[in-house]
Structures are given as C-alpha cells and as structure tokens.
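Enquirer: Sequence:
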Amino acid sequence: MHDLTPITAFGLAEPTVFVTQSCQLAERPRIALASVAARLGVDEACRAVITDLLRADAPDPAAWLASDIYSAFWMGPDQWMFSADFPDVEDIVARLKTSFGETASITEQTDGWVSFDLTGEVEAVLELVCSVDMRTRSAGYASRVSIHHTGCFLLIEASDRVRVYAPRASAGSVFHGISQAMTSAAAR
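For the record, in the sequence shown the residue sitting at position 73 is 75 according to our numbering, with numbers rising by one throughout.
FYI, nobody ran anything at the bench for these hints, they're computed from the structure. All C-beta atoms, glycine included, are put in the ideal place defined by N, C-alpha and C. Be aware that a few hints might be false.
Derived CB-CB ranges, DEER-like [unchecked claim]: (1) PHE12 x ASP54: 28 to 38 angstroms; (2) ALA189 x ASP54: 33 to 43 angstroms; (3) ILE9 x ASP135: 51 to 61 angstroms; (4) THR100 x ALA189: 15 to 25 angstroms; (5) GLU104 x ALA15: 12 to 22 angstroms; (6) THR53 x ALA189: 45 to 55 angstroms; (7) GLN182 x PRO79: 29 to 39 angstroms; (8) GLN81 x ARG57: 18 to 28 angstroms; (9) ALA189 x ALA47: 48 to 58 angstroms; (10) ARG170 x SER24: 22 to 32 angstroms; (11) HIS178 x ARG57: 13 to 23 angstroms; (12) ARG163 x ASP62: 16 to 26 angstroms; (13) SER140 x VAL19: 34 to 44 angstroms; (14) GLU104 x GLN26: 22 to 32 angstroms.
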C-alpha cells in the first residue's frame, strides 16, 4: 500500500502564510473544487439542483454564495464553480454527480487551482494588485481578475476578507504579486 503525504501548491506540508502589520495572506489547501456546466436543454433543471444545494437561487454573473456545505460562484453562462472544505466533501465530484444526474457536466478542479485568503485591510492591497474597487463592491461579489499577469477568480467574503482562486501552476507568481502589494500598502 502507498504511504502518500499531501502537499500544498508550494510543495510543502503546511500552508504558506505571509503577514504584514495590516494584512495576512494564507494558502488554503484543503478545499475541493468542481466546475458545473448545465447541459443543453436542461439548464432550468440544473438551476433547480443548484437552488436545492445552496438553498438559494444559482449565483448570477459577478456573484457567489455559500450554504452550510457548498459555496459556488458564477463562471460563465450556465457555468459555476463549486467548492467545499475537506474532509467534509473530499469526493466533491461524486457527490455533485449524484445530485445533478444528467442535468450538468461536472469536472474535478481541485488540483488545478490554489486558494488564498487575504484578510485585514484588503482595500489598499487590491488597489495595487487588481482592478476590483472594494468601495463599490460588497460581500457576495465574484469576478475574474488579473493578478500578476495571471487570470484568477476573486470572491469578496466581507469588507476585510477576500478569497482568490489562482491556477495552481501560477501559485508562486500570484502569491508573490499579492505579498508585494501587501508590503507596499503597509509602507504607505
């Protein structure tokens, strides 16, 4: 039997964390991800399943929401990204396929993305690193953004907390870009 040890996107046993006086950036390695795409002709049935899973209507463009198990954000027309914490939902694809049946195509995304939580005085950092203006956005906002020349998803959880999903292959670059913006914002 194999004796495998899980590692983070940085190849470490523990998540990477960067802290300044006003912010913290922390890698979140224990999140399961799956994309959900409604199949042609059954998009309303797919949305009904999402409503059941999230206990609210499917997220619209530029929005995300969470229930007690899953959270989801809009990725494109009739497409959403679902997430859940390990170990609660490590088998996210199997669980979602059971719920959606033939109404959606479900694709495993867990190893394709890395998750970072930025907390604290995030407004000053975001001004330096991407185009999201925290003064005009509130909790529940989600957007595709460019961070350090990399396409990422940014979700606003609160005025002092955002989550960033970046391609796993670009984890170091995105982490570096955000941490440098944190250092610059702290020096202001």
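Enquirer: Each hint should be assessed against the structure and marked as holding or not.
Expert: Cross-check of the supplied hints:
no., hint, result
1, PHE12 x ASP54: 28 to 38 angstroms, "holds (37 angstroms)"
2, ALA189 x ASP54: 33 to 43 angstroms, "violated (48 angstroms)"
3, ILE9 x ASP135: 51 to 61 angstroms, "violated (36 angstroms)"
4, THR100 x ALA189: 15 to 25 angstroms, "violated (51 angstroms)"
5, GLU104 x ALA15: 12 to 22 angstroms, "violated (40 angstroms)"
6, THR53 x ALA189: 45 to 55 angstroms, "holds (46 angstroms)"
7, GLN182 x PRO79: 29 to 39 angstroms, "holds (35 angstroms)"
8, GLN81 x ARG57: 18 to 28 angstroms, "holds (20 angstroms)"
9, ALA189 x ALA47: 48 to 58 angstroms, "holds (53 angstroms)"
10, ARG170 x SER24: 22 to 32 angstroms, "holds (28 angstroms)"
11, HIS178 x ARG57: 13 to 23 angstroms, "violated (38 angstroms)"
12, ARG163 x ASP62: 16 to 26 angstroms, "holds (21 angstroms)"
13, SER140 x VAL19: 34 to 44 angstroms, "violated (26 angstroms)"
14, GLU104 x GLN26: 22 to 32 angstroms, "violated (43 angstroms)"
Of the numbered hints given earlier, the model fails hints 2, 3, 4, 5, 11, 13, 14; all others are met.
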